[in-house]
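Asks: Under our numbering, the first residue of the sequence shown is numbered 1, with each subsequent residue one higher.
Because the hints were derived from the structure by calculation, they are not lab data.
All C-beta atoms in this analysis are idealised placements derived from N, C-alpha and C, irrespective of residue type, glycine included.
There could be a bad hint or two in this list.
Once the Cα atoms are required to be at most 20 Å apart in a straight line, the calculated EDC-like pairs of lysine to aspartate or glutamate come out as [as the list claims (entries may be wrong)]:
no. : residue 1 : residue 2
1   : 50        : 131
2   : 77        : 177
3   : 77        : 139
4   : 92        : 49
5   : 92        : 131
6   : 77        : 49
7   : 92        : 139
8   : 24        : 131
Ranges between beta-carbon positions, derived for each pair [as the list claims (entries may be wrong)]:
no. : residue 1 : residue 2 : range
9   : 158       : 42        : 38 to 44 Å
10  : 157       : 48        : 23 to 29 Å
11  : 48        : 142       : 19 to 25 Å
12  : 112       : 46        : 17 to 23 Å
13  : 155       : 129       : 34 to 40 Å
14  : 86        : 63        : 48 to 54 Å
15  : 106       : 137       : 17 to 23 Å
16  : 71        : 44        : 34 to 40 Å
17  : 136       : 24        : 44 to 50 Å
18  : 116       : 88        : 29 to 35 Å
19  : 158       : 88        : 31 to 37 Å
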Amino acid sequence: MKKQIFFFMCLTAIAVSANAQSGKSCIGFYIGPNFSNFNVNTPDLTAAEKSGYQFGGYYRSGGFLYGQAGLEFQQLKTNLSTDTSSGLVNQKRIQLPLYAGVNVLNFTKSVVNVRAFGGPVFTYNYGYQIDNPDFSSGDFSRVQVNGTIGAAVDVLIFSLDAGYNFGFTNMFSGDFDAHGNYAFVNLGIHF
1 MKKQIFFFMC LTAIAVSANA QSGKSCIGFY IGPNFSNFNV NTPDLTAAEK SGYQFGGYYR
61 SGGFLYGQAG LEFQQLKTNL STDTSSGLVN QKRIQLPLYA GVNVLNFTKS VVNVRAFGGP
121 VFTYNYGYQI DNPDFSSGDF SRVQVNGTIG AAVDVLIFSL DAGYNFGFTN MFSGDFDAHG
181 NYAFVNLGIH F
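All chains, full assembly: derive it from the sequences and hints.
Replies: This is the structure in structure tokens:
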């Protein structure tokens, strides 16, 4: 896991330093659904997929290679079940995604572009709605580190991003072991 985090941080640093020379930048805003797919490593626990949402903003800079830093609000939901109970867990999170990417169609960037991106996502869980009597907010880790890969299509000022987030750190602070993986799709606008 440390190697994955280090790789994503190095990739982001390379893209940001390459972007300092190009000077092309934009800000953007987005919203979209996410679909949980928790990786549970504890035999006594199962997680059912649920959909949530996220919205946020970002600053992107670069040419063929680009860097992107953002701030995102997210609600990530799952149904956690043990041998004795089952119930919805809704995590409210603030995330800091730091992406490095490639503009595949950079030469047509003003009209249409295809991008690929990846990087670390630092997460702070600030609130929980828990409908399972076996869990409380103290059972979950407040800080997590994740990694994202994805692709996007830009048409004029609009963008459609899709990706997958891999939970690198355990989402629990105690006895259980699970990682908060999820897929997402965002519709955005950039200036």
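Asks: Compare the structure with each hint and give your call.
Replies: Tested hints:
1. Proposed proximity of residue 50 and residue 131 is supported: the alpha carbons are some 14 Å apart, at most 20 Å.
2. Between the alpha carbons of residue 77 and residue 177 the distance comes to roughly 17 Å, so the proposed pair stays at or under 20 Å and holds.
3. Between residue 77 and residue 139 the alpha-carbon distance is near 16 Å, which keeps this suggested pair within the 20 Å criterion.
4. Note on residue 92 and residue 49: the hinted pairing holds, with a Cα-Cα distance of about 16 Å set against a maximum of 20 Å.
5. At most 20 Å may separate the alpha-carbon atoms for a hinted pair to count; residue 92 and residue 131 meet this at roughly 14 Å.
6. For the given pair, residue 77 sits about 8 Å from residue 49 by alpha-carbon distance, which is consistent with the 20 Å threshold.
7. With a C-alpha separation of about 15 Å, the suggested pairing of residue 92 with residue 139 holds against the 20 Å cut-off.
8. Between residue 24 and residue 131 the CA atoms are separated by roughly 47 Å; this puts the pair beyond 20 Å, and the hint is violated.
9. Against the hinted window of 38 to 44 Å, the Cβ-Cβ separation of residue 158 and residue 42 comes to about 42 Å, which satisfies the hint.
10. Judged by the Cβ atoms, the range 23 to 29 Å given for residue 157 and residue 48 is violated: they are separated by roughly 38 Å.
11. Against the hinted window of 19 to 25 Å, the Cβ-Cβ separation of residue 48 and residue 142 comes to about 23 Å, which satisfies the hint.
12. Between residue 112 and residue 46 the Cβ separation comes to about 43 Å, which falls outside the hinted range of 17 to 23 Å.
13. For the hinted restraint 34 to 40 Å between residue 155 and residue 129, the CB-CB distance of approximately 37 Å keeps it satisfied.
14. Between residue 86 and residue 63 the Cβ separation comes to about 50 Å, which falls inside the hinted range of 48 to 54 Å.
15. Range check, residue 106 to residue 137: about 45 Å between beta-carbon atoms, so the 17 to 23 Å window is missed.
16. At roughly 36 Å, the beta-carbon separation of residue 71 and residue 44 lies within the given 34 to 40 Å, and the hint holds.
17. The supplied range of 44 to 50 Å is met by residue 136 and residue 24, whose beta-carbon atoms lie about 48 Å from each other.
18. The supplied range of 29 to 35 Å is met by residue 116 and residue 88, whose beta-carbon atoms lie about 34 Å from each other.
19. For the pair residue 158 and residue 88, the beta carbons lie near 33 Å from each other, so the given range of 31 to 37 Å is met.
Hint compliance for this structure: hints 8, 10, 12 and 15 are not met, and every other hint is.
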